[in-house]
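K.L.:
With the sequences and hints as input, model every part of the structure.
Residue numbers (the numbering used here), protein chains in the order written: chain A, 1 to 584; chain B, 1 to 112.
Simulated from the structure, these hints should not be mistaken for lab results.
Every value quoted in this text rests on a predicted model; they were computed, and no experiment measured them.
Check before you lean on any hint, since a few could be wrong.
Beyond 12 Å from chain A on every Cβ pair, some chain B residues (computed) [what the hints assert, rightly or not]:
1. R25
2. L47
3. C52
4. P54
5. G56
6. G58
7. S60
8. D68
9. E88
10. H91
11. R102
12. L103
13. A104
14. G105
15. I106
Derived list of chain A stretches under chain B, where covered just means 3 residues or more per stretch with a C-beta under 8 Å from a C-beta of chain B [as the list claims (entries may be wrong)]:
16. 128-138
17. 316-329
We treat Cβ as the ideally placed atom computed from N, Cα and C, and that holds for glycine.
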Amino acid sequence: MPPPDQGNGVGSTATTMKITGADLLRTLLERQGITTVAGIPGGAILPFYDALHGSAVRHVLSRHEQGAGFIAQGMARVTGRAAVCLATSGPGATNLITALADARLDSVPLVAITGQVSQSLIGTDAFQEVDTYGLTLPVTKHNFLVRHPAELLEIVPLAFRLAESGRPGPVAIDVPKDVQCAAVEVDRWPEPGGAAPAAPCPDESIDALCQLLFETERPVLYLGGGVIASGASELARALAHRASAPVVSTLMALGALPPEDPLHLGMLGMHAAKGTNLLLEEVDLLVAIGARFDDRATGLVREFCPRATIVHIDADPAEIGKIKPAFLGLVGDAAGILRRVLDRLPARSRPAWTARAAALRSAYPLHHPPRAAEPLHPVNLCRFLGEILPPDTVVTTDVGQHQMWVAQAYPVRRPRTLLTSGGLGTMGFGLPAAIGAALALVEAGAAAPGGPRVVCVSGDGSLLMNIQELATLAELGLPVAVLVFNNGQLGLVRQQQQLFYRERYSASRFSAAPDFAALARAFGLRGARIDPEHRPLAALAEALASPGPCVIDIPIHGRANVLPMVPPGAANRQMIAEPASAHA
Amino acid sequence: MSDKLPGSDSGGPPPPAGRAVLQLRVRNHPGTMSHITGLFARRAFNLEAIACAPVGDGTSSTVLLLLDGEPRPDQVERQLAKLYDVLEVRHRPDLAPRFLERLAGILGGAEP
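P.N.:
Structural data, given as structure tokens:
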């Protein structure tokens with residue numbers, strides 16, 4: 001974390017040195033403490049890649065720029081610090097955009113550096129020229145087009161500060177080739193940029209929240225990803241117990257409270273347990289912490305928590321009242337705010353209310369066949385993974401049914417151990433994010449030498465969207481196991497067509513499928529296919545116990561659905577709870 | 001920074017939808033207007049008119065925005081305040097009619 005000493009401390013009056021923009025950019029990244037970057041070189045960023053040659057910064061060569069973006073996301077989501085991805089101009093930059101948009105919606109700190117054609121060529125439709133500034137503008141927290149190498153001295157630390165401060169997010173820096181090549185005189189080095197402390201919210205707001213928490217009868221804490229981002233998980237748990245307030249979590253907040261906590265009712269919204277959504281009908285005080293009232297969480301907004309006074313704690317002032325008017329808004333860092341609340345709030349027990357929550361939790365368990373009858377039912381599979389994987393295992397997912405089964409049934413016990421594309425819902429996220437997570441864990445010395453510590457749960461649809469990163473994984477030999485929940489379909493699309501489009505299956509079923517185990521071997525990885533008829537869970541445990549990266553293909557039933565489900569646009573209480581098909 | 005952050009209170013009813021003029025002080029560089037106007041398209045805010053001119057030494061500019069029939073003016077204000085290049089957001093209730101008339105007059109007069 002401390003920047004490497006370049007022999008030019010902040011404010012030092014060392015001799016002026018003349019270096020290129022590319023060398024300056026690399027040195028500024030080194031001073032930020034960046035040790036690993038992911039990217040792909042190309043014409044307009046070659047000077048910077050030349051500057052990386054021989055540098056202590058490790059470059060991870062992805063096989064597609066989107067992979068580089070998600071590798072950086074994996075690093076950032078595990079560490080909470082901004083990670084760096086690189087791409088050249090034109091298609092390199094456009095390929096990064098999905099990963100940037102994904103980081104924006106999930107508030108992940110990233111710094112994306114793109115090469116651009118030389119300034120004399122900008123606007124001429126030059127080879128590999130695209131308006132990267134314009135394209136990244138709506139999908140980043142902020143973006144820069146560098147016009148002179150000296151600007152890097154201000155822009156690079158600022159980019160890291162913006163990425164990590166307040167509500168984190170991606171920042172893009174577009175660097176024309178001539179800026180990388182031009183020489184610039186540097187006589188002092190700027191301070192590295194990092195998270196700036198948030199302004200404290202007023203005491204009156206803290207007091208008002210304490211009063212509400214003490215005086216209302218049926219409070220619930222509604223946790224979002226901001227709780228994990230601000231490191232407030234333990235504080236949120238302490239607050240729940242102090243106030244006897246049940247807790248619901250968004251997909252992004254899973255891991256803030258362990259599923260075993262008696263006050264935790266798991267995920268709310270579209271694929272919540274029915275009891276969780278029903279509890280929210282009765283709430284008289286909803287305290288949203290780092291959550292943004294996303295439609296997948298709220299269902300029909302006007303019917304969401306209809307009896308509740310709403311308090312909203314968020315780092316982003318624009319989130320307060322954006323979707324649902326808040327009676328009280330507290331802008332700031334969730335950890336700081338919760339700490340102040342805990343300093344003042346007297347304990348209060350609410351036996352009837354917590355008993356009501358517990359009763360609703362046990363009244364509506366997930367429907368699934370017993371393990372003995374169907375060991376590879378996805379719910380059984382996720383529960384089994386929860387039993388055999390150590391609790392600090394980082395699990396990444398792709399997007400679709402498997403993602404929701406993980407959210408419903410895999411016990412996420414610690415913050416930052418579930419990495420998933422929540423807001424953008426990007427298929428193809430899981431594998432490169434797992435690579436990035438493993439890079440960060442190995443660098444921190446936290447990955448076990450004996451076996452996989454990062455597990456990517458994917459589907460046969462999602463995995464193909466960034467399958468080329470298996471080559472990156474093979475090259476790096478990282479402890480990543482990819483589990484393919486293989487149903488031969490775009491399962492969540494098929495499910496919606498079954499439930500809401502009169503079983504007209506339009507383009508949701510694959511008529512040809514690759515042999516994923518053979519595909520893994522072709523990339524130089526271990527590949528295994530689980531035989532459903534022959535001790536499948538034992539075979540899965542064995543495959544996971546072997547060291548090194550691997551792909552494990554797990555056939556699952558083609559008619560299994562994610563239930564319960566709130567139909568899109570409906571109120572959360574209108575859940576389809578029972579299996580709709582003959583298959584349980 | 002704190003001067004651009006709207007208050008944390010969001011109690012009470014939202015202001016009525018109607019015409020409102022916002023005045024922004026922004027960093028004067030080529031991307032700023034894209035950030036501002038992009039926000040309006042992206043979040044489907046109702047923007048009726050916009051004017052921009054550099055002020056002082058030219059490092060910052062003043063932008064006037066006319067909102068028309070915008071049901072969420074407070075949300076517009078907060079989203080604008082979030083932009084790094086926007087240094088200050090304030091209401092100009094005094095300005096609405098004059099600003100419109102002048103702008104329309106100038107543009108009308110420029111027609112061939």
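K.L.:
Are there hints from earlier that the structure breaks, and if so, what are their numbers?
P.N.:
none
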